[in-house]
Each structure stands twice: as C-alpha cells, then as structure tokens.
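Work out the full structure: start from the sequences and follow the hints.
Residue-level listing of the chains:
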Amino acid sequence: GQSLEQPSEVTAVEGAIVQINCTYQTSGFYGLSWYQQHDGGAPTFLSYNALDGLEETGRFSSFLSRSDSYGYLLLQELQMKDSASYFCAVANQAGTALIFGKGTTLSVSS
Amino acid sequence: EAGVTQFPSHSVIEKGQTVTLRCDPISGHDNLYWYRRVMGKEIKFLLHFVKESKQDESGMPNNRFLAERTGGTYSTLKVQPAELEDSGVYFCASSQGHRQNTGELFFGEGSRLTVL
Numbered sequence: 001g002q003s004l005e006q007p008s009e010v011t012a013v014e015g016a017i018v019q020i021n022c023t024y025q026t027s028g029f030y031g032l033s034w035y036q037q038h039d040g041g042a043p044t045f046l047s048y049n050a051l052d053g054l055e056e057t058g059r060f061s062s063f064l065s066r067s068d069s070y071g072y073l074l075l076q077e078l079q080m081k082d083s084a085s086y087f088c089a090v091a092n093q094a095g096t097a098l099i100f101g102k103g104t105t106l107s108v109s110s
Numbered sequence: 001e002a003g004v005t006q007f008p009s010h011s012v013i014e015k016g017q018t019v020t021l022r023c024d025p026i027s028g029h030d031n032l033y034w035y036r037r038v039m040g041k042e043i044k045f046l047l048h049f050v051k052e053s054k055q056d057e058s059g060m061p062n063n064r065f066l067a068e069r070t071g072g073t074y075s076t077l078k079v080q081p082a083e084l085e086d087s088g089v090y091f092c093a094s095s096q097g098h099r100q101n102t103g104e105l106f107f108g109e110g111s112r113l114t115v116l
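If you're matching them up, the sequences are chains A and B in order. When you line the first sequence up against our numbering, it's residues 1 to 110, in that order. When you line the second sequence up against our numbering, it's residues 1 to 116, in that order.
Simulated from the structure, these hints should not be mistaken for lab results. Don't be surprised by glycine CBs; every beta carbon is placed ideally from N, CA and C. Careful, some of the hints might be misleading.
Said to hold, decoys possible - One side of the interface only, derived from the structure: several residues of chain B facing chain A at Cβ under 8 Å: (1) 33; (2) 45; (3) 56; (4) 91; (5) 103; (6) 105; (7) 109; (8) 110.
Listed below in structure tokens is the structure:
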C-alpha cells in the first residue's frame, strides 16, 4: 500500500523560507504531488515531480529524490496568505487515484 | 470555465438519517473522485469513476455509502443511514484523461457533513 509522512505543523514569519518534508512508501511510484488547502476551501494543485530534482514555480519549489523516497516543498518569501495546509500525495498502485498525507499546517505570522 | 461544484456546502443531520451529496465535475472530465477529510486527518480516497463506471471503490468505508454517476456527468454520494463517524468534509475532484498520472486533480470546495 501507500503511506506518506509529513510534519503536522510548521510556523514561520513573513519573508522567511520554510521547507515541508514528505517521505513516502509506495508499491508503484509515478510521482509526488503537492496541494495547498486554505481553511474551508478546495485543495489546489501546486506541483508535481516525476523525476529527481528541483522544480521551481515562482515562490514555491518542489524537490524529489526517488532513491530516498523523499520530497519537499520549499516556500520562499513567505506571506500571510501562505498560511494553509499543505499535502503531499502519491498515486495508488494502479495509478488511478491520489493518496494524500495527513497534511502540514503552516502558520505565517508577521 | 466552471470548476468542480458541490452541493450542499454544509449539511447537519441526525444519526440514522440519509444524506445525498452531489458533485458536478468540470465539463469534459472523465475521471471523478470522491475523498473525505475527517478533522486533523488525511484526505482519504473513497472511490473513482471513469465516466459512469466505478474504476476503484476500495476506499468506501462500508455499504452505508453508495456512489453513482449518472450518464458519466454529475455524481452523487449517499450515506444511509448516517453514523456519527461519518462526519467530515467530503471532497469531489475531477481530471481529464490520464491527468491523474500528473498528479493534478481539480477539487471542489467540499460538502461538510455533521452527524449529530
């Protein structure tokens, strides 16, 4: 089966950099995804890594190491609006659905 | 283009009652998923439709849950009879073709179910 581990909470101040780690166990690996969810809102797609290395999209970057079954989401120049829950996810064995971690609650203070 | 829409946004029912949640996916998206998040826990997969067919329903907790997707368009998730542990936020998501392999699903804002 699939399982993912990520920290439950992270706190940071505006302007800082924060890294949210994710380790996974899966019987068939397609890639690692990251989602953001604000309170009461829809989870929204942030990034996807199928290959090792760093993918950068604006202030957010995502990294994957398949040999270590590990990835992280890097958020730079933090803003208050970045306060949200962040989920890593991998596809199930059949590659037909995403399995999510428990999420990391990021709190950004001024 | 309209996103994934879900109805109702919030439902409060008593134990033993029935609730039906509806999801309208993005037009043209063959894949439709139901997920549930119980407070503080993961977004848990329930089931996956490809058009009108159930592709994977391994996440459905028990036979009190019934999902349908009429004509491959909108989907309903019925809980009958509801139990206290069914409380949570039920999310619907959709994707086009094999987009799930890129990890990108489009989620609705969820239906919050409270069972008293």
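For each hint, the structure was consulted:
| no. | hint | verdict |
| --- | --- | --- |
| 1 | 33 | holds (6 Å) |
| 2 | 45 | holds (5 Å) |
| 3 | 56 | holds (6 Å) |
| 4 | 91 | holds (7 Å) |
| 5 | 103 | holds (3 Å) |
| 6 | 105 | holds (6 Å) |
| 7 | 109 | holds (5 Å) |
| 8 | 110 | holds (7 Å) |
Violated hints are absent here; each numbered hint is respected by the structure.
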